[in-house]
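Novice: Given the sequences, and given the hints that come with them, work out the whole structure.
Those protein sequence lines, which keep their order, are chains A and B. The numbering of the first sequence is our numbering, which starts it at 1 and goes up by one. The numbering of the second sequence is our numbering, which starts it at 1 and goes up by one.
You may find that some hints are simply not true.
Which copy? The list can't say, so a pair holds if one copy fits it or any two copies do.
Claimed, not checked - Here are the simulated lysine-lysine pairs, DSS-like style, with alpha carbons at most 25 Å apart:
| no. | residue 1 | residue 2 |
| --- | --- | --- |
| 1 | Lys-410 | Lys-227 |
| 2 | Lys-19 | Lys-410 |
| 3 | Lys-112 | Lys-245 |
| 4 | Lys-410 | Lys-245 |
Derived by calculation from the structure, the hints in this document are not laboratory data.
There are 2 protein chains.
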Amino acid sequence: MESMDIKQYMSQIGVNARKASRLIGKTPTAQKNQALLAIATALQENRSAVLEANRKDLEQGQQKALSPALMDRLELTPSRFDSMLEGLQQVATLTDPIGEISNLSHRPSGIKVGQMRVPLGVIGIIYESRPNVTVEAASLCLKSGNACILRGGSEAIQSNQAIARCIKSGLESAGLSQDIVQVIETTDRAAVGELITLPEFVDVIVPRGGKGLIERISKDAKVPVIKHLDGICHVYIDEHADLEKAFNITLNSKTQRYGTCNTLETLLVSEAIAAEILPKLNQAFEEKQVELRGCPQTLKILATINSATEEDWNTEYLAPILSIRIVSGLDEAIDHINTYSSAHTDSIVTENYSHSQRFIAEVDSSSVMINASTRFADGFEYGLGAEIGISTDKIHARGPVGLNGLTSQKFIVFGDGNIRT
Amino acid sequence: MESMDIKQYMSQIGVNARKASRLIGKTPTAQKNQALLAIATALQENRSAVLEANRKDLEQGQQKALSPALMDRLELTPSRFDSMLEGLQQVATLTDPIGEISNLSHRPSGIKVGQMRVPLGVIGIIYESRPNVTVEAASLCLKSGNACILRGGSEAIQSNQAIARCIKSGLESAGLSQDIVQVIETTDRAAVGELITLPEFVDVIVPRGGKGLIERISKDAKVPVIKHLDGICHVYIDEHADLEKAFNITLNSKTQRYGTCNTLETLLVSEAIAAEILPKLNQAFEEKQVELRGCPQTLKILATINSATEEDWNTEYLAPILSIRIVSGLDEAIDHINTYSSAHTDSIVTENYSHSQRFIAEVDSSSVMINASTRFADGFEYGLGAEIGISTDKIHARGPVGLNGLTSQKFIVFGDGNIRT
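Specialist: Structure below.
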């Protein structure tokens, strides 16, 4: 398309979405659930067509020599396909957040004031490679009463379009407007530029992908962005730690999965117990082939590891690498975290009550933990039922964003002819 | 100052604020309250100096021929001065939102997950003329554990600086850092441009003032903005309305004060009862010297009033003018409101249960009311204790923004050595 056409195309998508958002915002829970299940049925019925479209994307990806990591994320394996269907069924069972009334109280003037949970309106989601995000994102927006505009990566265009046809067919068979979920059909990058600068049609943008994508979008957006930048997560082993818990939590936080945003990247150790625990950890990490990088004090205990530089404290490795710093105690640990953490997830290991309370109050991150693995920072583990992402922002939503993160609360007033005097 | 100096000056203010935010974020409630009362004492002790500074601002305002409205807002009358002191005492009595833990629940993995209310961090507030905002804004930020950077209008610079000295003295006498509240000392506009583009130091911007100011700031900000644009508020008189309630609510919503954002601007009337209620309202509005502008159908009932154009439905008069439109019923009323309302405050007058429930669910505004005057949309009337503004945004905070609007919630996890499997 020409750039003028893209402008018109996106603007029309925006108009459709705004209109559809008014409809889905007042759709009863039962009908929304019916649509979710109908989408699952449509996907199941068109399984071979979707997998065939995905095969074409994979072929073209191979021709374009996409990286193995990208190719892996692009592939819809049978088990990933089944997970999409399960996801839809699970979202159908979640409690509908819309219409929930809270804090209703009587005021001296005679009015009753409360807050009602309402959809945000239109949500734009920009993501890369994984075609299953198309279904995940659509299902969460639908359940929370929002219309959505989805823009996947160009490498997954055929998979996404095949999935989009199933979504539209599911919406239709539940008697809902097909415009509630619109999947952008062009791979032109200009479409993203348009999407993030249409505040009259789009209420919030959720970018899901690498740091580069998210920074680019945040920089240019004229629409609020719920974003997730780095996950530079810390575990602090306090001098009052139970060392067995510390050992297990550190190992699990780093090695359960290397490429996730809630993976441990920097370990902080109180100097009082460093000489006791670090050699044990070193041995375990050696077995797991995790490269350790230590501060000068760490190197005095672990002579064979590499030394860490300032850059290490600022790095999200997403790889079997761990930086280690010995601190004088709680104050220095909190200082280090509030300086270098990406405000994602940080955990203290301690049996000391006051230290645990200070850590949880003073560490300014979206998830703060006591005696637990950072790997728990996840919408499912937190009981949100699902997540559209993890926010490292401070306003609106912090941490895993579930259905409630796609809603807001308006004030409602019940009167009986009351006037203000 | 030269523009390079402004950059350095603002950047230093940012550094100071970030540092101070770490301190005030963990300051105990009692000490925050002590500071609020100490500021009140300092203001009382320096009453004549502050009023003298205000007199100088007023003199210069007269020389610059500021509008009477602006001059009125600029003036610190004795009663306004007393209100500042009362406001400080009132904020001291409010419940401290910080540290509140909610939704704590046990998860199957063994961890306990909840949410803890925390300060946003550093709040930038940009406002015009009214010097009492300096105290209001500072007190709400302080109580909610935030550092703040305040930038008042150039016309109030001397009043604001005199007030700032009292705030600093109060902070100091409570043993708190003076950098918790920083009032910008330069009137150079470039300082605002810097303030709204320092995301590393400022977490949110709250502009308070005219639409022009707010639009300018929203356009250029690189920091999230909690904003309030127009207040185009509606009352819809349903065919099932109690006409006495309808009469009182309409009159109160329009005439209790003309210049406030929660004042009624467009009245919608169901055609079934228009001929009965409009002549009575016309008579009352004539007595109050309110100009009425009607749609063609309204003009058939009220022959002597002016006709309304499309522009009227989009106008916040802030004046004794009211536009009136007759609609076929609830659907058309909701359509009109969702098209033209500024999403501030809209009220239905009806005795019909289903109509009341549909209105409250389907009108997408920050305050939606049944049988109550739009004038109730206010932080004090809602029981928030105070308000820093009214948000017409959808994310983070909608409607009157009190202490909670200056906070967010982080996830907290209590474990006992739990790891993820």
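Novice: Which of the numbered hints above does this structure break?
Specialist: No numbers; nothing is violated.
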